[in-house]
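**Q** Below, each chain spelled out in residue letters.
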Amino acid sequence: MNRSVARPPRAHAGGGPTWWVYALVGAFAVLVAGIFLSAFLNSIASTWFGGWLPDAYTTKWYRFAIAEFDLGYVLAITIVVGLTVTIVSLALGVPAAYVLARRAFPGRPLLLLLLILPMLVPPITYGIPLAAMLYTARLGGSLAGVIIVNIVPAMPFVVLIMTPFFEQIDPNLERAARTLGASPWRVFRRVLLPIALPGMLAAGLLILVRAIALFELTFLVSGAKSQTLVVALYYAAFAAGIRPSQAIDAMAVVYMVTGLALLLAALRFINPVNMVIRVRQ
Amino acid sequence: MQRAVRHRTGEGAAVPAPRARRGGAALLPLVPALLVVLMLFIYPFAYGLMLSLHPQGALAKAGTFANYAAFFGDPRERLSIWNTLRLAVPVTLLDLVVALPLAYRLRRPLPGQRVITGLLVIPMTLGTVLLAEGMIEFFGPAGWLNKLLLALHIIGTPVQFVHNYTGVFLSLMISDFPAVFLVLLGYASGIDPRLEQAARTLGAGWWQRLLRVTLPLLAPGIAAAAALSFVATFSVFPSAVLVGQPAGETRVIALAAWQAAYERFDYPQASAIAMVMAAIELVFVALVLAARNRAYQGPTIGGRG
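Respectively, the protein sequence lines represent chains F and U.
Read in the working numbering, the first sequence has 110 at position 110, and its numbers run on one by one without any break.
Read in the working numbering, the second sequence has 239 at position 239, and its numbers run on one by one without any break.
Don't take every hint at face value.
[Claimed, not checked] Here are some chain F residues the structure puts well away from chain U; computed CB gaps all over 12 Å:
hint : residue
1    : ILE148
2    : LEU197
3    : PRO198
4    : GLU216
[Said to hold, decoys possible] Just some of the chain U residues that point at chain F, by a computed CB distance under 8 Å:
hint : residue
5    : PHE45
6    : LEU51
7    : PHE65
8    : TYR68
9    : LEU102
10   : LEU119
11   : ILE122
12   : GLU137
13   : LEU152
14   : ILE154
15   : GLN208
16   : ARG264
17   : PHE265
18   : ALA274
FYI, nobody ran anything at the bench for these hints, they're computed from the structure.
Every residue, glycine too, gets a C-beta built ideally from N, C-alpha and C.
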């Protein structure tokens with residue numbers, strides 16, 4: 001088709017000038033960058049009195065944070081919690097998503113709603129009774145308790161992402177494999193799993209990002225020895241004044257770098273739009 | 001349709017799969033996930049509801065609804081609902097108003113699309129505490145913003161942006177924006193551009209196209225974004241403490257619930273507050289969905305496929 005004919009309607013449908021998009025995004029980016037750089041520069045400032053930039057730079061706050069906040073231990077806890085939550089949520093959510101994608105049965109919409117409901121209700125509403133339950137079961141304050149509560153909002157997220165993903169896979173592939181005599185398990189392992197792996201990887205990375213960022217539930221259940229980075233950070237920031245703000249910022253920067261690395265990794269596998277809902281192309 | 005296909009192929013002994021998959025057994029993979037939701041979400045919720053109806057301590061003899069009566073009877077506690085609503089509603093609306101034109105314009109690629117989307121999504125990784133700490137410094141009396149405004153002689157004395165309502169408002173706006181934008185972008189990209197072209201061909205001006213074609217098609221997306229954003233901002237907790245005034249104008253309802261549970265160790269009272277929170281949210285979500293149904297009825301992702 002002739003390009004000069006194809007172009008104009010597209011430009012019209014998009015509508016008008018675009019400078020305001022760049023202006024708006026630029027303003028937003030400047031604001032966020034200003035906030036981030038304020039924290040980052042503070043974390044590497046030996047002192048910062050009133051000037052536009054710190055008076056001198058140092059790495060001592062990072063060393064201080066590692067020693068004083070037990071940053072290594074907290075990071076280890078965070079990684080253990082994040083990975084366990086991700087693996088368990090995938091193991092529970094992927095089979096459920098597969099069935100929801102492939103089977104039509106009475107009550108399917110209701111079941112889907114039930115499985116996604118924990119994402120639609122703020123954690124604190126069920127977190128308080130859940131924490132009370134876990135403390136009664138002597139799991140409060142333990143690593144196991146922190147892992148358990150984090151699965152509650154994570155697993156629905158797997159169902160939400162993986163159900164449309166499985167819907168997009170052509171069912172004829174499975175039928176062909178079965179016609180050729182493959183057992184259901186073999187179909188799953190040799191046909192579905194390889195196709196679904198990118199989706200699972202993306203879902204897993206996003207859950208990892210979210211599990212690391214999830215504050216309320218961990219905050220309600222964790223004890224002194226089972227805090228994740230967000231919660232440790234909150235306590236450090238809450239008790240501001242006792243500890244130098246530069247050290248808190250150092251810890252916060254470590255947190256952001258971890259989250260950003262995971263997010264960028266996830267973006268390699270998935271269109272950011274699909275993080276929240278699916279787009280039919 | 002699937003079943004029919006299987007019937008035809010499933011006659012040979014070489015295909016045992018269909019038989020095992022027929023009926024209830026095919027739904028077995030749902031069971032573990034369902035159990036998790038029932039045990040760790042539905043049960044705690046019911047437990048919380050029950051707990052809230054069994055007051056303890058001084059209220060133990062005051063009747064079933066004593067916890068709720070205590071919450072609504074105490075002006076300071078009651079105020080926490082207002083404190084939360086006056087953050088959650090304007091933040092949700094403002095984020096929608098900013099994100100809507102952006103998402104609509106970005107539904108088809110502009111130069112630098114990936115960078116733009118990336119920039120808008122990055123605040124997701126900042127985390128509440130880094131955002132709060134950065135804001136305290138950036139917006140603080142000696143921070144860059146006040147310095148700039150002073151240098152430009154826009155203000156004479158530093159403005160207080162943090163440790164008050166404004167601080168929490170800004171923090172929520174920034175942290176909540178990426179999700180609102182992504183939801184809207186998702187729905188906007190699902191709209192078939194031919195619908196608008198058709199309206200154009202039929203002589204509709206841009207205002208008419210916006211009002212009669214685009215917005216109705218986007219209504220489900222706007223509703224989803226509004227609901228998600230409200231749920232997230234209504235349960236605000238850390239930023240209300242760190243950049244707000246937790247003893248005063250930003251004593252939000254989540255904080256009231258937390259204080260009941262972990263400062264007074266009154267779990268029944270805390271559960272009652274949590275139930276009030278859930279009820280307010282469900283009412284809001286129901287209102288949003290009702291508005292959505294008035295605006296548009298049709299497929300969730302409009303117009304394509």
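**Q** Identify whether the interface hint at GLN208(U) stands, where standing means a beta carbon of chain F within less than 8 Å of its own.
**A** Violated. Min distance 13 Å.
**Q** Can we keep the PHE265(U) interface hint, with Cβ of chain F closer than 8 Å?
**A** Hint violated; PHE265(U) Cβ to chain F Cβ min 10 Å, cut 8 Å.
**Q** Taking C-beta pairs only, is ILE148(F) more than 12 Å away from all of chain U?
**A** violated, 7 Å
**Q** With a cut-off of 8 Å, does the beta carbon of LEU51(U) approach a beta carbon of chain F closely enough for the hint to hold?
**A** Since chain F brings a Cβ to about 6 Å from LEU51(U), closer than 8 Å, the hint holds.
**Q** ALA274(U) was flagged as interface toward chain F. Is the shortest Cβ-Cβ separation under 8 Å?
**A** It holds, given that the least Cβ distance between ALA274(U) and chain F is near 4 Å, below 8 Å.
**Q** When the nearest CB of chain F is found for ILE154(U), is that gap smaller than 8 Å?
**A** Violated, about 16 Å.
**Q** With a cut-off of 8 Å on the beta carbons, see whether ARG264(U) makes it to chain F.
**A** violated, 13 Å
**Q** Measuring Cβ to Cβ, find out whether LEU197(F) lies farther than 12 Å from everything in chain U.
**A** holds, 18 Å
**Q** Taking the least C-beta to C-beta distance, is GLU137(U) closer than 8 Å to chain F?
**A** Interface hint status for GLU137(U): holds (4 Å vs cutoff 8 Å).
**Q** Min Cβ distance, LEU119(U) to chain F: is it shorter than 8 Å?
**A** OK, holds: LEU119(U) within 8 Å of chain F, min 5 Å.
**Q** So is GLU216(F) really clear of chain U, every C-beta pair being over 12 Å apart?
**A** Incorrect as stated: the minimum Cβ-Cβ distance to chain U is 6 Å, not above 12 Å.
**Q** Measuring Cβ to Cβ, find out whether PRO198(F) lies farther than 12 Å from everything in chain U.
**A** Given a closest Cβ separation of 18 Å, the condition holds.
Hint compliance for this structure: hints 1, 4, 7, 8, 13, 14, 15, 16, 17 are not met, and every other hint is.
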